[in-house]
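Engineer: Put chain C on the given structure of chain D with help from the hints.
2 protein chains.
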Amino acid sequence: MNSKIKIGLFGFGTVGQGIYKVLEKTKNTHAEIKRICVRDVNKKRNVDLPAGVLTDNPADILDDPDINLIVEVIDKGEPAFKIVSAALEKGIPVVSGNKAMLAAHLPELIELQRRHNVALLYDASSCGSIPVIRNLEEYYDNDLLLEVKGILNGSSNFILSRVFDHGEDYDSALRRAQELGFAESDPSFDIEGFDSLFKLIIITVHALGVYVRPDDVFTYGISTIHDSDIRYAREKRVKIKLVAQVVKLSDDRFTMFVMPEIVQPSRYIYSVDDEYNGVVIRGECYDRQFMFGKGAGSLPTASSILSDIMARLHDYRYEYKKMNYEGRPEYTTGVELRVYIRYSTTNVSHVLRLNRVHEQFISDESNYLIADVDLSELIAKRDALRAPDIFLANIPRFFADRDN
Amino acid sequence: MNSKIKIGLFGFGTVGQGIYKVLEKTKNTHAEIKRICVRDVNKKRNVDLPAGVLTDNPADILDDPDINLIVEVIDKGEPAFKIVSAALEKGIPVVSGNKAMLAAHLPELIELQRRHNVALLYDASSCGSIPVIRNLEEYYDNDLLLEVKGILNGSSNFILSRVFDHGEDYDSALRRAQELGFAESDPSFDIEGFDSLFKLIIITVHALGVYVRPDDVFTYGISTIHDSDIRYAREKRVKIKLVAQVVKLSDDRFTMFVMPEIVQPSRYIYSVDDEYNGVVIRGECYDRQFMFGKGAGSLPTASSILSDIMARLHDYRYEYKKMNYEGRPEYTTGVELRVYIRYSTTNVSHVLRLNRVHEQFISDESNYLIADVDLSELIAKRDALRAPDIFLANIPRFFADRDN
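Those sequence lines, one after another, are chains D and C.
Counting in my numbering, the first sequence runs from 633 upward without gaps.
Counting in my numbering, the second sequence runs from 633 upward without gaps.
Take the hints with a grain of salt, since some may be wrong.
Which copy is meant is left open, so a pair is good if it fits within one copy or across any two.
[Said to hold, decoys possible] Only pairs whose alpha carbons sit at most 20 angstroms apart, straight line, appear in this in silico SDA-like list of lysine to any residue:
| no. | residue 1 | residue 2 |
| --- | --- | --- |
| 1 | K657 | S930 |
| 2 | K657 | D919 |
| 3 | K659 | I742 |
| 4 | K638 | D775 |
| 5 | K638 | D698 |
| 6 | K868 | I1002 |
| 7 | K722 | E740 |
| 8 | K676 | G841 |
| 9 | K638 | N700 |
| 10 | K638 | R960 |
If you are wondering where the hints come from, they were derived from the structure by calculation, not from laboratory data.
For reference, chain D alone in the conformation it holds in the complex:
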């Protein structure tokens, strides 16, 4: 595909309009938007479009032989999957930023790409403007990789920054994130850790060549964070961040989870504030690499979509090389974590089988434990742990593989 790219765009919300603006800024891109499919063509919009560009009929794009790239930036997962799979089946390459859809359907989408010999690119789906997927696929494509860990969600990080660095309360910080357009249409997606989880699922496919179902991964968000947790962190001179990580425990096994973490000032991610994302890639020989950039907002995401569009000019596609590696590691939840558990009415040590309690604090207002617990136990009890009086945070340390 070395001629001009003619784009059929699905979705014209914040990101869709950002793509339109970014394409107007670039003179060497050789790409233009031909049609845009939206739910309501008559809705008032801030962008002046030529007549006939908007349509509400997907077939106007999917059946247009002139369109050679589909860019999908719909907010919903299942309608997006229908469009993306229909396009791939027709042999039309697709660029997508839809992490929920990708995390749920990656195995089928990889199979569709193989069967129809067509590309699906989605660097924009993880960490907005940071090229994590592309680097894992191309640059860290060897056995040296040990760990990918980071702050993958801009809006929850923005909220925690307002709380920790600006002394705001949680509710007003959430409202501000929504006003600034950093929060997704459903804020629970960001705040409960699912946005980070979906990104982590995608990252793991490109980091280790293994797909893990979202439901099999422990995911805990920040919605139950409480003044006493913030006070605790301030006293210890640490921050609480929502962190996603995938870690090799040995050549054969790896683990992954999303949960709040107690972050020491010496860690790279400690200074990833506001709506920024930061990813640490750790490997043998090169130690730690850190990538940092804007993780939320219309234009950063759009610029990342532009990079995927440009890559199609040169026929780039993900090869999913690591899925064919000999001795790919297996996912395990048989690993022991050290956690901070704050609670008030729930009797946590009845709910959760703790391997060892290191600290216990009891007061009129709230209580906390520092304890060792198996990740498999956290998954088994995850519904009970979502009680509004409980908050959980990982205390990072070397963790051993308990299955071996």
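Structural biologist: Leaving out everything else, chain C in the frame of chain D:
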């Protein structure tokens, strides 16, 4: 090239031995070192090699039809250029980490790659383990890119960190860098800014599609830094870092230079310490991206060479797309900088045409000026500015294009 990679290695110093060790650690690489060409085959080495691997005759590698990749990690520039160009002329792909050679010969090497339809990869040449070249080539391959700026030399940064953060004096910090193997065989290469310059030349080819001769770029190092400069920086609560930068001034023009810089604590590069490198990529829409990792040392560089080797498994090559862009910007030195100039015996305002002096401090021990000066004037007077009693540092601010 999807079968096994058989490597002919030129050079078996720190980096060459690192590559040997890294290849032993990886089981999925499908690459092995077949022959190693060194100056002295009888030299005592720490690595046990099978008999017959070492040779001192380049033809043993260049004429071996079994060898399908040449990895060149020689310390010297001109012998390296001979080997690399001979290999390319024979159609053998090359991986090189030799920035001096690349910065001097890139236009010829690009032409050789085109003429013989063969790849030369050199991500390891810039910033050790950070994938700057690959990302500029593939991910930031559009008009949005505005600036690439960073700490590109690990050893000078290590020295400045020892001086600023550990209160060591300059000479003992330099000795320590050499003991730890961070400094190149000729330390002036690192300390006078030439290592950073060569990397900047390579980066600019992949950032903006323009090759600038090393001799046309103002380059100023840290060898004349003095206690009074360190005291000045401490009093102002800033650090002095050796910074290389290429900056678009407008759609049509860009400038570039290497010099010490007064870095405020709020800047990303402020916290790039020790032997680390850090690069900030700034663009329209995505604002600033920051990449950070180990920039010096045997294994980090070797792991980067491994990434280039792996890329050859998938026939990757640089396309130099931006060299074909319409309206590539032109290099200009017609830009005004604000600088800190410390001096003792030299009468700086006689040597240098200053546009405006903002501050002047005179004392028994040493004197300094804060002044605006044209970059073209710094280039014209660069020999005089290397007097041992002068030290120069850029004070970053928005700078205007003075040619337009």
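Engineer: Against each hint, give a clear statement of whether it holds in the structure.
Structural biologist: Structure-based check of all given hints:
1. K657 x S930: Within. Shortest intra-copy distance 15 angstroms satisfies the 20 angstroms Cα cut-off; inter-copy 42 angstroms does not.
2. K657 x D919: between (38 angstroms within a copy, 14 angstroms between copies)
3. K659 x I742: neither (33 angstroms within a copy, 25 angstroms between copies)
4. K638 x D775: Answer is between; shortest inter-copy Cα gap is 19 angstroms, intra-copy 38 angstroms.
5. K638 x D698: The answer is within: 7 angstroms in one copy meets 20 angstroms, while 45 angstroms across copies does not.
6. K868 x I1002: Cα proximity of K868 and I1002: one copy only (13 angstroms, versus 42 angstroms across).
7. K722 x E740: within (15 angstroms within a copy, 44 angstroms between copies)
8. K676 x G841: neither (44 angstroms within a copy, 41 angstroms between copies)
9. K638 x N700: Answer is within; shortest intra-copy Cα gap is 6 angstroms, inter-copy 39 angstroms.
10. K638 x R960: For K638 and R960, neither the intra-copy (39 angstroms) nor the inter-copy (24 angstroms) Cα distance is at most 20 angstroms.
Of the numbered hints given earlier, the model fails hints 3, 8 and 10; all others are met.
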